[in-house]
Amino acid sequence: MQLTGDRFTTSSALYGNDLATLPDFPAEIRAPAGTLAGVSAFQVHISDHDITTPGDAPTVLVAMNPAALHSQLERVEPGATVIINVDAFDDRSLTKAGYDANPLEDNSLDAYTVYEVPMTSLTKGAVQPLGVKPRDAERSKNFFALGLVTWMYTRPVEKTIDWIQERFASKPLVAAANLAAFKAGHAFGETAELFDHPYEVKPAVLPAGTYTNVTGNTALSWGLIAASQLSKLPLFLGSYPITPASDILHELSKHKNFGVRTFQAEDEIAGIGAAVGAAYGGHLGITTTSGPGMALKAETMGLAVNLELPLIIIDVQRGGPSTGLPTKTEQADLLMAYYGRHGEAPLPIVAPKSPSHCFEVAIEAARLALKWRTPVILLSDGYLANGTEPWRLPDVADLPDLTVEFATEANHVDDETGTRAFWPYLRDPETLARPWALPGTPDLMHRIGGLEKQDGTGNVDYDPVNHEKMVHIRQAKIDGIAAHIPDVEVTGDVDEADILVVGWGSTWGAIDGAVARVRAAGHRAAATHLVHLNPFPRNLGDVLRRYPRVLVPELNLGQLAHQLRAEFLVDAKSVNKVRGLPFTASELEQAILDHLGGLL
Amino acid sequence: MSDTLVPITTKKDWSSDQEVRWCPGCGDYSILSAAQLLMPELGIKREDTVFVSGIGCAARFPYYMNTYGMHTIHGRAPAIATGLALARPDLHVFVVSGDGDALSIGGNHLIHALRRNVNITILLFNNQIYGLTKGQYSPTSELGKVTKSTPFGSLDQPFNPISVALGAEATFVARTHDMDRQHMMDTFRQAFEHKGSTLVEIYQNCNVFNDGAFEGITARQVREDMLIPLRHGEPIRFGADGAKGVVLDPQRGAQIVDVADVGEDALLVHDAQRPDPGVAFILSRIATGPHEPTPIGVFRAVERQEYGQAVNHQLAAAQEQRGPGDLGALLRSGATWDVA
Chain V
1 MQLTGDRFTT SSALYGNDLA TLPDFPAEIR APAGTLAGVS AFQVHISDHD
51 ITTPGDAPTV LVAMNPAALH SQLERVEPGA TVIINVDAFD DRSLTKAGYD
101 ANPLEDNSLD AYTVYEVPMT SLTKGAVQPL GVKPRDAERS KNFFALGLVT
151 WMYTRPVEKT IDWIQERFAS KPLVAAANLA AFKAGHAFGE TAELFDHPYE
201 VKPAVLPAGT YTNVTGNTAL SWGLIAASQL SKLPLFLGSY PITPASDILH
251 ELSKHKNFGV RTFQAEDEIA GIGAAVGAAY GGHLGITTTS GPGMALKAET
301 MGLAVNLELP LIIIDVQRGG PSTGLPTKTE QADLLMAYYG RHGEAPLPIV
351 APKSPSHCFE VAIEAARLAL KWRTPVILLS DGYLANGTEP WRLPDVADLP
401 DLTVEFATEA NHVDDETGTR AFWPYLRDPE TLARPWALPG TPDLMHRIGG
451 LEKQDGTGNV DYDPVNHEKM VHIRQAKIDG IAAHIPDVEV TGDVDEADIL
501 VVGWGSTWGA IDGAVARVRA AGHRAAATHL VHLNPFPRNL GDVLRRYPRV
551 LVPELNLGQL AHQLRAEFLV DAKSVNKVRG LPFTASELEQ AILDHLGGLL
Chain S
1001 MSDTLVPITT KKDWSSDQEV RWCPGCGDYS ILSAAQLLMP ELGIKREDTV
1051 FVSGIGCAAR FPYYMNTYGM HTIHGRAPAI ATGLALARPD LHVFVVSGDG
1101 DALSIGGNHL IHALRRNVNI TILLFNNQIY GLTKGQYSPT SELGKVTKST
1151 PFGSLDQPFN PISVALGAEA TFVARTHDMD RQHMMDTFRQ AFEHKGSTLV
1201 EIYQNCNVFN DGAFEGITAR QVREDMLIPL RHGEPIRFGA DGAKGVVLDP
1251 QRGAQIVDVA DVGEDALLVH DAQRPDPGVA FILSRIATGP HEPTPIGVFR
1301 AVERQEYGQA VNHQLAAAQE QRGPGDLGAL LRSGATWDVA
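In the order they appear, the protein sequences are chains V and S. For the first sequence, the working numbering assigns the number 1 to the initial residue and increments by one for each residue that follows. For the second sequence, the working numbering assigns the number 1001 to the initial residue and increments by one for each residue that follows.
In isolation and in its complexed conformation, chain S is listed as follows (with noise of 0.2 Å):
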């Protein structure tokens, strides 16, 4: 890390001389402009900033960051993120991927890299499509989804990334879309302020290929009734003056309920601090698909020991107690005889 003070930036500092080549109209555009947005205000360097890609039509996002950056392979970049992280803590890690990259290619290396709790922010563009491929179904397409390589329907259980992540042990687990500039920015700086692995899921309009996917429930006309916020200490509220709620029903698990029928103190609380992440599960399968009232911002935030830092203590503690690395004993710390 440089020890100079943070210097006072903007969007333009953050953003690099390349020319952003993205199709016209995607969603991927106000992700990084939420992204150049929010880094001045969170109090650190350029030069400390590090985004680490796979493959894939996010995977440029950093060729556009005016920071140090890697585009590497299909799949990888949690695990080459998790090498950058252990060997520099001095760093702020983010890993920029799609849902092919993240859960299909990748799927081994999203899991582990959650389970460790490396300090590394994930920003998951769910598109529920191939981009860069030009138009497959995704590890998250809906079922029955037609496309190039389905003509006649997709026969693929989807994946939740929500629920993947719930259950790969994750301390940080969210949802945001790309409609909502300000709900992005602040669900990006909470898990930026997270210690520890995060997964932020970015609903994302791919609009040549899967145009409108998540309208149904991102559009601003239908927001309203169609989102649901999660805010952490506050009973589960959405609609028009709070009308819908969620309860927990101890056989049906989570209900959307009108509040005049149950009254307000029979909604959950939500607690995204909960130390057992089943209640964020159900909440996380309250809509099947973007389609339903769907839970939005952070479904978990739980404080557990950072990877990077337990390993950081182990090689302290192995100095401490041995002191520094003396080679010529190292070599001499088997059985030895002279020759004269």
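One chain only, chain V, in its complex shape (with noise of 0.2 Å):
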């Protein structure tokens, strides 16, 4: 099913719709199929204007099986569209799915408007001919719901035939099998007469550029790439899989030709350990992970703030604690990236909003480390890594130079003897990044490690004056980033809202378009979005106490809001949501009505 929905959603990008999708399947390679664990549902808005969430509720529900009846009815709002594929509603995966009674029987869904399709039978009747196995026959009838569907919303059919011949084209059989699957739901939405109408959702007049559908895991596997390329620094990745991570390894993989090295390590300590090493060596040294493979770096990431060497961490979230929910959302991470590891050790923390903007972040997060020569913290989540949207593409001349200067000769002279020395801890004055020495470079031999280090010279300390101007020392590094790093935008009514909602992470399509309604109903609401979660941007503290509201919802229980509430002494309000499920629109609408209370 996430293969039909992926492809729906691309024939909908290239004809024009903007879009959103939200992906949202079982833990379990093959969950049983039937029940309620097992199903795998893929939802998908298409719109002719600029849209920034996966939809509230669906006003088509296509259900293969009871379960899927069953799990989802309840996403969909009274007088929606829903499509069952009857030949699935036997007694026995009724009684799988946990129906009493056949909800097809029991006027349980006459607020809906229910088309009753048999597609397993028709998918059979129509690929049995070409000499498919009875069992093979019902395998296609996912692309029989496509087929149904692409007539339904009037998309072309030409690229998804030809498609359906490219993926399958190493066994021409399943082709021939899912494109007769394909074309008998086309025609069948056609002829059956069951529909009043297609619908026609005309293309989103969106700026002028190249566009492509990306996934969040993509994107942010281009902008490393990128990010590579733009400080001419060979990338390395190392990495232990976990899901919903694993696909920027497999990505980055694939392009060793960009000089890309993936280093699939033993385990998740490894994993950064390899990447600290690759650091020092001089290349863009990044992981990833989710969430219980931080906890298991956190050590190493102690470690990567001592030597103070580039390193990107990449955290795309999962509900947990623990291995909690694999394949679902959540952003319950950002106080452990801000806290979680031992001594005062402050490091960049930076959050993608949308799936295409995990380009643009994965280059600042390099631009950081690199410039500051520290580790760098980005946090992704579930659904920015699965979900899509149509990205218009960057112009490669137009993103920044990385470009990083090495260390190539001594930075100390002795006052009484007049030797010069290489120190490895004697700092840019601006930055406070200390310089990066490359092994191979003649007369600048150093040790660095984890033990602490004396100012300047870099050799093992223990004073108790020195920690403490050292400990100081990082953390101002990290604080005085914020005067390179741009200010937070306000949107909406910015002069006069009674209420600002801030918001970071994946939460910002779900804010705007909340906003959006409440103003549009005559409120007066403004939002904005955090970026950089680390240092704070300069002025986030004057722009919080502009407004007599603060609003901040997050998918998980209050964290950002913790944080600005202990930083700007500032009455922050949370909303929360720990369902492993994106917020919607709608549910944000109704939170920022509650909180303004009758004000109108």
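It is worth saying that the hints were derived from the structure and are not from the lab.
Taking lysine-lysine and the DSS-like style, the derived pairs with C-alpha atoms no more than 30 Å apart in a straight line are:
1) Lys1045(S) / Lys232(V)
2) Lys133(V) / Lys183(V)
3) Lys171(V) / Lys183(V)
4) Lys254(V) / Lys1195(S)
5) Lys371(V) / Lys232(V)
6) Lys133(V) / Lys159(V)
Taking the hints as your guide, dock the two standalone chains into a single complex.
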């Protein structure tokens, strides 16, 4: 179902719609078919105008079996169209899905426009003449459904036909069966007279340019490759497979011709360790993971803070704690990103706001890491990772220059003896970054390590005053980045809003949609979105204090709100959701209205 | 790698300006000295050499070498060194570790570094005790060992580091000890010259927490009878006038015999290059601990593709097939459409 959902998305993208998707699938690879736990769903929102969320409630639900209907019907509002594969509604399947009675017979679907389509038998009828075995024939039914919705939404069919042939080129019989099922579904829509009329969703009016449809994980991978090119440093990824981050490892491993080295390590710790080793050698060191892996990498992040080497740590957040909800989204690793290391170990944190934004933020993470010689945490999440949206491709020539200068000569002269030496912890006065001297450079041999370093020389030093000084220097270095990042921008009723909605990460789309709705209803609301979470942009305090109410929607129990309250002493209120699903715009619309009280 | 000629250096050139801070009498001093003496003979430059360590007494080693160095975190040195060696195949990367660092907290990294055959030289200082944390038993401490954390005796079966390495698909496995500088230097040199991951176990005396652990086999007066030198291509003999030797009995494995009883032709001829590690493993089990005649030298040295080289071959092949990466083309590699 993920494959057919993805294909419908692509054909909509190519047609010119704006769109957003929400894949929602179980952690099990082959979850028991027909059970509620095994339902694999794919939500897509297509539009003739600019949209930012996968939609509140689908207007059409395609349910391939009773379990799918049972688990997904709550997402759909009364009046919606529900297309049902009626062949799958036998007694056994109904029981498996937890139905006592057949919902097709007990009037429980009266509020919906229900179309009962015998998809399995029609598919079998279409593909069996090709010589497909009966059991295999049924597997093509998702393509029947794809054909049907392709007709319903008047998508062009040619490119999907090409795609089926290409995708299954190595299995000609499967290709032929899927094609036959797709065509049969399309023809069924056209001829069955079940449906009043097909929907027409015209292309959206979007800014001119070349577009592609990307997932967050793909955009992130490409952003990392871009950062490698822009910095002229070879990319080294040390990673251990973990859902939902593994696709970054998969994508990067395809692009060895960009000089990309991907190292699938023996564990999470070795993944980040190898990246630190590569960074010492002058590569753009990166590690990718999700929550449980972040916990394992914590000690090495602390080492990287002390070594003051550039490193990018990508956490594609998922539901936690522990194994939690591996395939579902959450934003509950924020406080771990701030504080999840022993000792005072500050490091910059950035977060993309949408799938395509991952590209830009990956480059920004590299900029911070390289210029300030620091590990940087990039917080993505499961929704951004797998969700897609059309992306207007940037002009490569407009991307920033990330060129790095390595140390090549001694940087210190001894006052008494006049001898020249290389001091690895003698800092750039502006950024407080230390020099990056690569092994292989004559005369700059030096030792770095996790023990506290003497300011300047970098020698091991246990002196109490030096330690305090170094703790403050490391903090000041990260704090100083604030002068080199953009201020937060406020949208909506910038000057006179009754409420400011503050977001970070993947909640941007839902916040944007919700604020637009309450404003359309006559309320005065503003929004701001944080890409830089540490340090905060310099104007953030002023922005927060400008509005009488501050509301912070998060897919956790209020972690950013906690930070804002601590840092700025503002009465930020939380809106929380921890269901493994993103906010819908209507949920946030309601939350904003609740916090506005009776204002209007 | 710097492209100047390799200058002639001495031990002093390879010694850093840092004061060595091991306990007086520690075996680490002689290992450091052997390494600093050997380095000028290896034909490499200081700036192309990196020592990476984890945590423990041995892990201070990089601070004392006038090379590049990283003193990292407990157990992780093989992983960090792997990243460095993959990124920079031009460098000579050494890992210095101890029995706790390499075999306890870092056991996973050690076995994976060995099986991958990435080009790093691992020196494992085995003193059979935790020194830096002041005297707890280690994964190589003998069964029944009474320490601060085992007042009634250790219940843990110890690791035999040579057996572990051989089981982990290592291509080069050797043992030496801190009382014989020349043997250390010879062993380190062979390890350095081997392409791939190498493990050298060094029996090292901790004179504070486990003094004399190896005295029964390494002391000058007993060495001849208690150390079994392994020399590739030679029958395995030891003792005064080589009176003792090792035979491979099909039933009972490796046996120590009097050469006079069996004849020289019956002795096992050591073949470090044997593809199957089985015989090397049997040799690693001759002694159950450093109180019986114990083999030293190179147990195994076989050729296998070095991991970093294989990684770079894949990169070169990809660039040859597809040309150098074009970012603009990458962004357009999926389905695209134009909006006017």
